[in-house]
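Participant: Go ahead and model the full structure; you've got the sequences and the hints to work with.
Chains as they are written, first to last, in this note's numbering: chain A, 9 to 120; chain B, 2 to 115.
Think of the hints as simulated: they come from the structure by calculation, not from any bench. Incorrect hints may have been included.
[As the list claims (entries may be wrong)] As a list, the in silico PhoX-like pairs of lysine-lysine whose alpha-carbon atoms are at most 25 Å apart:
| hint | chain 1 | residue 1 | chain 2 | residue 2 |
| --- | --- | --- | --- | --- |
| 1 | A | K112 | A | K25 |
| 2 | A | K76 | A | K49 |
| 3 | A | K49 | B | K79 |
| 4 | B | K25 | B | K69 |
| 5 | A | K49 | B | K25 |
| 6 | A | K64 | A | K112 |
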Amino acid sequence: ELKVEQNPLFLSMQEGKNYTIYCNYSTTSDRLYWYRQDPGKSLESLFVLLSNGAVKQEGRLMASLDTKARLSTLHITAAVHDLSATYFCAVDRYQAGTALIFGKGTTLSVSS
Amino acid sequence: DAGVIQSPRHEVTEMGQEVTLRCKLISGHNSLFWYRQTMMRGLELLIYFNNNVPIDDSGMPEDRFSAKMPNASFSTLKIQPSEPRDSAVYFCASSLQGQTGELFFGEGSRLTVL
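Facilitator: Structure (structure tokens):
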């Protein structure tokens with residue numbers, strides 16, 4: 009059974025600080041996805057990582073993928089309050105662009 | 002372009018009643034996914050369809066749950082009879098098979114079973 013584990017599950021940060029969220033998975037998939045969810049809202053796609061070594065950046069967020077280590081990271085640079093949300097990573101169950109299995113999510117709270 | 006459209010957005014019902022949740026895919030997408038989100042269990046994949054055909058329903062909790070895709074753009078998830086433990090947010094998502102695998106989610110249907 010495919011397992012997707014995120015840590016930490018809860019993260020309280022100060023504005024301006026840097027931090028990294030980790031996503032480990034148990035399959036050999038070379039596709040990994042990051043989503044953001046605001047409270048009471050839907051899931052919004054942030055990054056699609058499709059190969060080993062892939063790195064994508066959007067604003068203060070940067071995601072990377074190491075398929076050999078079965079690890080993806082989401083790095084937050086100089087956090088701001090607007091980044092407060094829950095972040096999910098997801099892995100393709102069948103390694104063919106099909107069903108995504110999600111981690112438990114990391115709830116990020118950024119305060120001044 | 003319209004995104005994935007779900008209805009109803011909120012549903013409150015009593016135990017034993019039938020519940021039907023509806024989903025309209027993004028035009029041109031050919032894969033449809035139903036997920037359930039709860040605090041305890043997180044996001045669970047219930048079932049997914051490709052080109053109207055159910056591919057994997059191993060996540061459907063039990064026989065009380067059923068899902069159909071009567072045409073290429075529409076799906077229903079039915080719970081009969083409903084139980085309090087079915088209370089959750091049910092998300093529908095769609096994608097275009099053979100591309101990046103990125104899912105596009107609807108706004109969700111929040112179900113409360115009393």
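Participant: Looking at the structure, which of the earlier hints fail to hold?
Facilitator: 2
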